[in-house]
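Visitor: Read off the chains here:
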Amino acid sequence: MVDIRLASEVPLFDIVADSTEPKHLVTPGSLITKETGFMRGHGTYMQDDCLYASVAGVVERVNQLISVRPLKSRYHGEIGDVVIGRITEVSQKRWKLDTNARLDSVLLLQSVNLPGGELRRRSAEDELSMRQYLKEGDLVSAEVQNIFNDGALSLHTRSMKYGKLSQGCLVKVSPSLIRRQKTHFHNLPCGASIIMGNNGFVWICPTLHEDVAGGFVQNLETVPHADRQAISRLRNCVTALAQCKMMLYDTSIMHAYDASINAGFEIKDLLLPDKITEIALMVRKQFEMEKE
Amino acid sequence: MTSYENSTNTESKCIISTPGQRLCLAEDKYIGGVGTYTRQGYIMSCLAGIVKITAQPDKRILVEVRSGKEQTVVPSAGDIVTARITQVNPRWARCAILCVKEMVLAEPFRGQLRKEDVRATEKDRVEMYKCFRPNDIILARVLSLGDAHSYVLSTAENELGVVIAYSEEGTPMVPVGWQEMQCPKTYVKEMRKVAKVSPEIISNENNKEAAN
Amino acid sequence: MPVDSRRLQGPESAFSYTLLEKKDANAEESILSADLQKMLIDSNHVRKDKRKPTDARPLFLRTGIISQAKGSAYIEQGNTKLVCGVYGPREVQKKSDFRLNGQLFCEFKFAPFSCQKRRSHQQDNEELVLSGLLREALEAAVCLHHFPKAQVEVNIMVIENDGSPLAAALTCASLALASASIPMYDLVIGAAVRQLPKLLLLDPTKDEEWQPKLNHDENNSNLTVGFMPSMQQICAYVHEGVSNPEELEQMLKIVTEYCLKVQPVVQLCLKETVEKMLASEGENNDAE
Amino acid sequence: MSIAPQLLRGPSLMAEILLSEAEKAFIHHGDDLRCDGRTRLDYRPIILETGLVSNASGSSRLRLANSDVLVGVKVELASPLSEKPLEGRLEFFVDCSANATPEFEGRGGEDLANEICRFLQMSYMSGDTINLSELSVLAGQQCWVLYVDILILECGGNLYDTVSLAVKSALYTTQIPSIKVATMDGDQPELELSEDPYDTKRLNTQNVPCLVTLMKIGNHYLVDPTPEEECCSSSGVVVAVSGSKKITAVRKIGSGSLHPESLVSMLKTASEVGAVVNKILMKKLLEEETAGKTQKVGFMR
Numbered sequence: 001m002v003d004i005r006l007a008s009e010v011p012l013f014d015i016v017a018d019s020t021e022p023k024h025l026v027t028p029g030s031l032i033t034k035e036t037g038f039m040r041g042h043g044t045y046m047q048d049d050c051l052y053a054s055v056a057g058v059v060e061r062v063n064q065l066i067s068v069r070p071l072k073s074r075y076h077g078e079i080g081d082v083v084i085g086r087i088t089e090v091s092q093k094r095w096k097l098d099t100n101a102r103l104d105s106v107l108l109l110q111s112v113n114l115p116g117g118e119l120r121r122r123s124a125e126d127e128l129s130m131r132q133y134l135k136e137g138d139l140v141s142a143e144v145q146n147i148f149n150d151g152a153l154s155l156h157t158r159s160m161k162y163g164k165l166s167q168g169c170l171v172k173v174s175p176s177l178i179r180r181q182k183t184h185f186h187n188l189p190c191g192a193s194i195i196m197g198n199n200g201f202v203w204i205c206p207t208l209h210e211d212v213a214g215g216f217v218q219n220l221e222t223v224p225h226a227d228r229q230a231i232s233r234l235r236n237c238v239t240a241l242a243q244c245k246m247m248l249y250d251t252s253i254m255h256a257y258d259a260s261i262n263a264g265f266e267i268k269d270l271l272l273p274d275k276i277t278e279i280a281l282m283v284r285k286q287f288e289m290e291k292e
Numbered sequence: 001m002t003s004y005e006n007s008t009n010t011e012s013k014c015i016i017s018t019p020g021q022r023l024c025l026a027e028d029k030y031i032g033g034v035g036t037y038t039r040q041g042y043i044m045s046c047l048a049g050i051v052k053i054t055a056q057p058d059k060r061i062l063v064e065v066r067s068g069k070e071q072t073v074v075p076s077a078g079d080i081v082t083a084r085i086t087q088v089n090p091r092w093a094r095c096a097i098l099c100v101k102e103m104v105l106a107e108p109f110r111g112q113l114r115k116e117d118v119r120a121t122e123k124d125r126v127e128m129y130k131c132f133r134p135n136d137i138i139l140a141r142v143l144s145l146g147d148a149h150s151y152v153l154s155t156a157e158n159e160l161g162v163v164i165a166y167s168e169e170g171t172p173m174v175p176v177g178w179q180e181m182q183c184p185k186t187y188v189k190e191m192r193k194v195a196k197v198s199p200e201i202i203s204n205e206n207n208k209e210a211a212n
Numbered sequence: 001m002p003v004d005s006r007r008l009q010g011p012e013s014a015f016s017y018t019l020l021e022k023k024d025a026n027a028e029e030s031i032l033s034a035d036l037q038k039m040l041i042d043s044n045h046v047r048k049d050k051r052k053p054t055d056a057r058p059l060f061l062r063t064g065i066i067s068q069a070k071g072s073a074y075i076e077q078g079n080t081k082l083v084c085g086v087y088g089p090r091e092v093q094k095k096s097d098f099r100l101n102g103q104l105f106c107e108f109k110f111a112p113f114s115c116q117k118r119r120s121h122q123q124d125n126e127e128l129v130l131s132g133l134l135r136e137a138l139e140a141a142v143c144l145h146h147f148p149k150a151q152v153e154v155n156i157m158v159i160e161n162d163g164s165p166l167a168a169a170l171t172c173a174s175l176a177l178a179s180a181s182i183p184m185y186d187l188v189i190g191a192a193v194r195q196l197p198k199l200l201l202l203d204p205t206k207d208e209e210w211q212p213k214l215n216h217d218e219n220n221s222n223l224t225v226g227f228m229p230s231m232q233q234i235c236a237y238v239h240e241g242v243s244n245p246e247e248l249e250q251m252l253k254i255v256t257e258y259c260l261k262v263q264p265v266v267q268l269c270l271k272e273t274v275e276k277m278l279a280s281e282g283e284n285n286d287a288e
Numbered sequence: 001m002s003i004a005p006q007l008l009r010g011p012s013l014m015a016e017i018l019l020s021e022a023e024k025a026f027i028h029h030g031d032d033l034r035c036d037g038r039t040r041l042d043y044r045p046i047i048l049e050t051g052l053v054s055n056a057s058g059s060s061r062l063r064l065a066n067s068d069v070l071v072g073v074k075v076e077l078a079s080p081l082s083e084k085p086l087e088g089r090l091e092f093f094v095d096c097s098a099n100a101t102p103e104f105e106g107r108g109g110e111d112l113a114n115e116i117c118r119f120l121q122m123s124y125m126s127g128d129t130i131n132l133s134e135l136s137v138l139a140g141q142q143c144w145v146l147y148v149d150i151l152i153l154e155c156g157g158n159l160y161d162t163v164s165l166a167v168k169s170a171l172y173t174t175q176i177p178s179i180k181v182a183t184m185d186g187d188q189p190e191l192e193l194s195e196d197p198y199d200t201k202r203l204n205t206q207n208v209p210c211l212v213t214l215m216k217i218g219n220h221y222l223v224d225p226t227p228e229e230e231c232c233s234s235s236g237v238v239v240a241v242s243g244s245k246k247i248t249a250v251r252k253i254g255s256g257s258l259h260p261e262s263l264v265s266m267l268k269t270a271s272e273v274g275a276v277v278n279k280i281l282m283k284k285l286l287e288e289e290t291a292g293k294t295q296k297v298g299f300m301r
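Protein chains in written order, with full-length UniProt numbering: chain L, 1 to 292; chain Z, 1 to 212; chain U, 1 to 288; chain Y, 1 to 301.
Source of the hints: derived by calculation from the structure; they are not laboratory data. These numbers come from a predicted model, not from an experiment. Any given hint could turn out to be false.
To be verified - A few chain U positions that, by computed beta-carbon distances, are all more than 12 Å from chain Y: (1) Glu76; (2) Phe113; (3) Lys117; (4) Glu153; (5) Met157; (6) Ile159; (7) Asp207; (8) Val238; (9) Glu281; (10) Glu283.
To be verified - No more than 30 Å apart at the CA atoms, straight line, and that leaves these computed lysine-lysine pairs for DSS-like: (11) Y:Lys279 x L:Lys96; (12) L:Lys72 x Y:Lys296; (13) Y:Lys279 x L:Lys275; (14) Y:Lys201 x U:Lys109; (15) L:Lys182 x L:Lys245.
The beta carbon of each residue, even a glycine, is placed where N, CA and C say it ideally should be.
With the hints as constraints, model all of the structure from the sequences given.
Guide: Structure follows, in structure tokens:
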């Protein structure tokens with residue numbers, strides 16, 4: 001019922017993470033290069049023809065473009081990313097969303113498919129009844145359509161797979177832990193679906209069926225107990241991996257899920273610090289075995 | 001009507017209810033109106049006031065509770081409100097909502113009238129300064145609750161718009177068309193989005209002015 | 001603590017002369033509960049003010065005490081006297097406080113002369129907490145969705161405090177709200193009870209109220225409840241002192257039974273209010 | 001018109017978060033299986049460390065999921081209150097710093113801090129919890145005042161419980177110096193501090209109460225609510241439970257209401273849970289004490 005442990009008994013989470021040090025770590029103000037001919041990317045500044053870092057992070061080079069990827073940052077959107085956002089404000093012709101980015105993201109009324117099909121003409125009534133479709137607190141999955149000049153993201157949900165999210169559980173992790181993949185929507189074999197938002201918002205819900213997604217309807221019926229168990233276990237696996245700074249994608253999550261079942265852990269056990277490290281170690285071992 | 005609890009003065013024609021008092025079963029026959037709510041299959045009173053029972057055209061019975069005092073009103077979507085313009089700029093006008101329907105508010109609520117909601121046709125050609133001036137009294141419809149600042153209003157109907165306006169000289173002007181008003185003293189014409197007011201509304205407005 | 005320069009502040013070292021009163025202070029600090037019980041009640045189970053343990057003090061209610069307010073009420077429960085004024089619904093001024101639902105704003109204030117010790121003009125910690133309790137209790141009863149974006153203000157001023165002020169405030173506030181025709185799901189009736197080791201005293205006076213004292217050998221406590229009689233729901237519950245859950249159950253029962261007895265009284269008062277209003281309206285109409 | 005009153009209200013307890021209707025429904029329907037796999041009466045894991053602040057007479061840091069609380073107790077001499085000449089006293093102060101959540105910035109956290117503070121005071125007041133006469137040095141003239149300063153480092157829900165556990169741990173480790181009253185010439189008493197810095201006494205904290213928050217969700221109630229669960233609930237109770245399973249203070253929280261029966265059952269559950277929490281906490285504190293000087297973990301993690 002209650003588990004109290006002393007700080008000295010709690011293992012360090014970072015023992016699990018990959019111990020190989022990244023190659024080119026810099027801190028703000030450190031010199032990256034004196035050579036000219038490079039292009040200045042994010043996280044850098046130019047002074048006296050030398051390139052310096054302006055954030056702490058890893059230096060990345062794409063052709064002539066040098067940028068520093070910060071160790072910890074808010075979500076830095078790219079066009080085409082799948083994101084999950086929460087509506088924070090309904091204003092004229094647009095919704096504002098929290099997507100863990102620096103600025104509130106925007107979902108324009110014209111970037112959503114309103115019920116009634118593509119050809120439906122948007123009228124003034126739609127503008128006034130925006131709250132009926134999406135209101136404050138609602139979660140949506142969406143794609144980054146555009147990036148405004150100030151860096152704010154403009155989203156769209158004009159595809160059947162995007163739209164309002166129904167029952168389930170949201171986990172927030174650092175965006176850098178989400179591995180970019182072909183698809184971020186997974187129907188997992190354990191009986192639940194997971195949407196890995198590039199912005200670090202992970203949505204776990206009962207298995208999605210292709211035909212129902214994309215609308216504005218929320219299913220408020222009780223989720224069966226078995227589905228709930230799968231969702232809770234997945235949730236705890238995701239938080240466990242995230243705490244140990246392990247990359248998150250369908251395979252790593254499923255490994256963690258299977259490992260936790262094989263080890264005979266109850267769902268709530270996965271909240272305990274020692275079990276978290278244990279799971280993370282098991283997942284790493286699994287990957288190492290697969291490599292060989 | 002079957003059950004009244006603690007209703008002692010049935011002899012004096014009117015029945016007085018108090019908040020939380022059970023009025024009747026919430027059956028198909030009865031509809032709960034103003035001042036009531038439904039809980040556990042009963043229509044309950046949420047005000048202290050007189051129970052009013054009216055037969056509806058469809059033979060159902062409407063149960064309402066009317067308090068002696070003026071009702072507790074706040075503007076809600078769809079209501080016609082009377083407002084005073086406080087500020088005008090090219091995109092919108094700010095106003096203070098003074099009355100909701102027939103009821104005078106004790107304290108004003110803030111409202112906003114956007115340029116595109118001023119009239120129903122030729123929305124693009126609206127010029128705010130030619131429609132409203134500060135201190136004009138307008139009739140408007142509440143479109144939505146709006147945001148934290150203000151209610152969103154609209155005058156995009158013939159019957160809505162400026163009803164009382166004063167000329168630069170300070171006399172109340174008379175409408176001379178749906179876009180103009182004229183000062184009876186100086187004969188100067190000023191531009192307004194004039195409401196087409198039917199006579200009974202005018203008398204109402206006058207009463208209100210007198211009350212204020 | 002900010003000091004209000006417009007008000008006359010007493011010297012900091014000033015204290016109530018009542019502290020100098022010769023009393024068996026030392027004895028009182030560590031008395032056994034049996035003795036305590038003897039102090040509050042005689043051998044025939046009669047309290048100092050001639051009440052039986054389960055008797056409440058006489059209750060007096062009146063509405064329309066403040067003509068400017070939307071609604072108001074006055075309550076007298078023995079020597080505990082307080083006024084409540086209700087204003088609004090009015091617009092919420094601060095943007096940060098914006099909420100789509102209606103809101104309640106409650107202020108609970110003791111008049112400086114209301115207690116044995118002089119109270120400050122500024123709201124002190126206790127008053128802030130009482131305000132919060134009052135708000136949370138009334139929010140459960142008021143139909144907040146009837147006035148979106150707006151707030152209703154409920155101000156309580158305690159004129160004289162002779163025990164159970166929160167209980168009286170709850171009854172008074174719900175009466176004032178109802179007389180202001182603010183829609184409510186139900187009335188709220190407040191009541192308090194004092195627990196002595198073997199006895200429960202309903203509606204305690206200041207002397208009977210539980211005070212944090214030392215070394216009580218047995219359970220002793222004070223309970224204040226806000227009860228919505230028709231809905232059978234508790235919207236305020238504050239307990240101080242030591243009790244077992246079983247004892248708390250017993251106390252709750254006594255208190256809710258008392259609330260059910262008070263309900264018709266409050267209803268009657270409201271009915272009279274409405275009748276009076278109707279009568280005056282009739283007169284106005286005749287005059288026209 | 002026919003909406004249940006409970007569904008219309010948001011939380012008023014602490015930093016508000018937004019949830020969609022469906023998420024709320026998901027939490028509501030949890031059948032003794034909460035989103036993180038716990039049953040209704042499970043706490044999240046708690047991590048505890050005492051004695052981190054060298055300048056304080058007693059200190060502790062307690063982490064319950066994302067709620068992080070640091071408590072320092074300072075012992076000072078003062079004159080007793082005129083109403084209670086034979087007792088020392090405890091003074092609580094809660095600081096909801098803006099570090100915990102941006103909403104606490106400015107005066108934002110003040111109300112919450114006030115509420116917690118007042119409730120702690122309430123639950124410590126009765127004679128059953130802590131013997132304040134132990135803190136008297138010289139009747140009517142000098143006594144010990146324990147300033148209990150509570151710093152909320154991070155706010156992740158269930159603050160009442162977290163704070164109370166941290167306060168109890170800090171009080172457990174608090175060392176009160178031995179002081180002797182030497183009478184000089186018969187009239188002016190003089191206080192003499194013991195020369196040995198290890199000559200200290202400790203308070204008996206066996207009966208010091210733990211707070212148990214029970215939030216009502218649907219027809220059930222649960223302990224240790226997450227912020228999401230707090231958001232779904234309109235009412236609950238905070239119950240102070242002493243080591244001897246007795247209830248020393250109760251408050252209803254939230255803007256909803258409770259049926260008398262469910263309230264009584266909540267109080268009974270709270271007293272059971274509180275007793276277990278108290279027991280485990282005391283066991284752990286004793287364990288840490290007997291383990292002697294281990295490496296302090298501190299804040300470097």
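Visitor: All hints, please: hold or fail.
Guide: Each hint, compared with the structure:
With a minimum CB-CB distance of about 26 Å to chain Y, Glu76 (chain U) clears the 12 Å threshold, and the non-interface call stands. The claim that Phe113 (chain U) is not at the interface with chain Y holds, since no C-beta of that chain comes within 12 Å of its own (minimum 19 Å). Distance check for Lys117 (chain U) against chain Y: the nearest CB is about 9 Å away, which does not clear 12 Å, and the non-interface claim fails. Remark: the non-interface label on Glu153 (chain U) is consistent with the geometry, its nearest Cβ contact in chain Y lying 16 Å away (cut-off 12 Å).
For Met157 (chain U), the requirement that its beta carbon stay farther than 12 Å from each beta carbon of chain Y is met, with the minimum near 21 Å. The claim that Ile159 (chain U) lies off the interface holds: its Cβ sits roughly 24 Å from the closest Cβ of chain Y, which is beyond the 12 Å cut-off. Separation of Asp207 (chain U) from chain Y is adequate, the least Cβ-Cβ distance of about 15 Å exceeding the 12 Å criterion. For Val238 (chain U), the condition that its CB be more than 12 Å from all CB atoms of chain Y is violated, with the nearest at approximately 6 Å.
Under the 12 Å C-beta cut-off, the non-interface status given to Glu281 (chain U) relative to chain Y holds; the minimum distance is some 27 Å. The Cβ of Glu283 (chain U) lies farther than 12 Å from every Cβ of chain Y, with a closest approach of about 34 Å, so its non-interface assignment holds. With a C-alpha separation of about 48 Å, the suggested pair Lys279 (chain Y) and Lys96 (chain L) falls outside the 30 Å cut-off, and the hint is violated. Distance check on the hinted pair: Lys72 (chain L) and Lys296 (chain Y) sit about 27 Å apart at the alpha-carbon level, within 30 Å; holds.
Between Lys279 (chain Y) and Lys275 (chain L), the direct Cα distance comes to roughly 24 Å. Compliance with the 30 Å bound is thereby established for this hinted pair. Between the alpha carbons of Lys201 (chain Y) and Lys109 (chain U) the distance comes to roughly 42 Å, so the proposed pair goes past 30 Å and is violated. Note on Lys182 (chain L) and Lys245 (chain L): the hinted pairing holds, with a Cα-Cα distance of about 22 Å set against a maximum of 30 Å.
Hint violations for this structure: numbers 3, 8, 11, 14, all remaining hints satisfied.
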